[in-house]
Structure formats: structure tokens, C-alpha cells
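Asker: Sequence:
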Amino acid sequence: MKKDDPLNSQPRIWANLVVIGNQDPLFIHFLAKIGVVIFIALALTGVWKYKGKRKK
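Here the sequence shown stands for residues -7 to 48, where the numbers follow this note's numbering.
Calculated from the structure, these hints are not laboratory results. Check before you lean on any hint, since a few could be wrong.
[As the list claims (entries may be wrong)] Using C-beta positions, here's what the derived DEER-type ranges look like:
{"hint": "1", "residue 1": "V28", "residue 2": "A7", "range": "18 to 28 Å"}
{"hint": "2", "residue 1": "K41", "residue 2": "V11", "range": "35 to 45 Å"}
{"hint": "3", "residue 1": "Y42", "residue 2": "P17", "range": "18 to 28 Å"}
{"hint": "4", "residue 1": "K45", "residue 2": "Q15", "range": "39 to 49 Å"}
{"hint": "5", "residue 1": "L34", "residue 2": "W6", "range": "16 to 26 Å"}
{"hint": "6", "residue 1": "I5", "residue 2": "G38", "range": "33 to 43 Å"}
{"hint": "7", "residue 1": "V29", "residue 2": "W6", "range": "15 to 25 Å"}
{"hint": "8", "residue 1": "R4", "residue 2": "G27", "range": "15 to 25 Å"}
{"hint": "9", "residue 1": "R4", "residue 2": "I30", "range": "15 to 25 Å"}
{"hint": "10", "residue 1": "G38", "residue 2": "V11", "range": "19 to 29 Å"}
{"hint": "11", "residue 1": "V11", "residue 2": "I32", "range": "42 to 52 Å"}
Please read these numbers as outputs of a predicted model, since none were measured by experiment. Beta carbons are placed, not taken as given, at the ideal position from N, Cα and C, and that holds for glycine.
Sequences are here, hints too, so could you generate the full structure?
Answerer: Rendered as C-alpha cells:
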């Protein structure tokens, strides 16, 4: 396992996620929700920083 490069191990992680997703659709919805939450959080922090700079 130590021999694997990060680039080589990443596709395996995605493959595992796909296999898990095919077996458990709820897992995909769970990942999607997390992705949406992260996206919204990043958008809000970006807007907040933008407004903060604008006020100055």
C-alpha cells in the first residue's frame, strides 16, 4: 500500500464509491447532500468575504 501513489489510489477510492453507490442508493444521496452543504458553505463564506472587503 505504501508503494501506491496518491494518483493511483484515488481511482480506486472512486471505484469503491461507485460500487457502494450501486449497492446503496441512499449513500449517493448522502454524498450529494454533503456536497451541496459544502458548496453552500463555500458560497456563503465567499459572499461574506466579498461583502467584508466591499465595506472596507
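Asker: Hint by hint, say whether it matches the structure.
Answerer: Here is what the structure says about each hint:
For the hinted restraint 18 to 28 Å between V28 and A7, the CB-CB distance of approximately 23 Å keeps it satisfied. For K41 and V11, the hinted distance range of 35 to 45 Å is satisfied, since their beta carbons lie about 39 Å from each other. Our hint of 18 to 28 Å for Y42 and P17 is violated, since their Cβ atoms are close to 37 Å apart. Restraint check, K45 to Q15: a C-beta distance of roughly 46 Å satisfies the suggested window 39 to 49 Å.
Against the hinted window of 16 to 26 Å, the Cβ-Cβ separation of L34 and W6 comes to about 21 Å, which satisfies the hint. Take I5 and G38: their Cβ atoms lie about 27 Å apart, and the range 33 to 43 Å is violated. For V29 and W6, the Cβ-Cβ distance of about 20 Å falls inside the hinted range of 15 to 25 Å, so the restraint holds. Roughly 20 Å separates the CB atoms of R4 and G27, a value that falls within the hinted 15 to 25 Å.
In this structure the hint that R4 and I30 lie 15 to 25 Å apart at CB holds, the actual value being about 23 Å. Between G38 and V11 the beta carbons are some 34 Å apart, a value that contradicts the proposed interval 19 to 29 Å. At about 28 Å, the beta-carbon gap between V11 and I32 misses the expected band of 42 to 52 Å.
The structure shown violates the earlier hints numbered 3, 6, 10 and 11.
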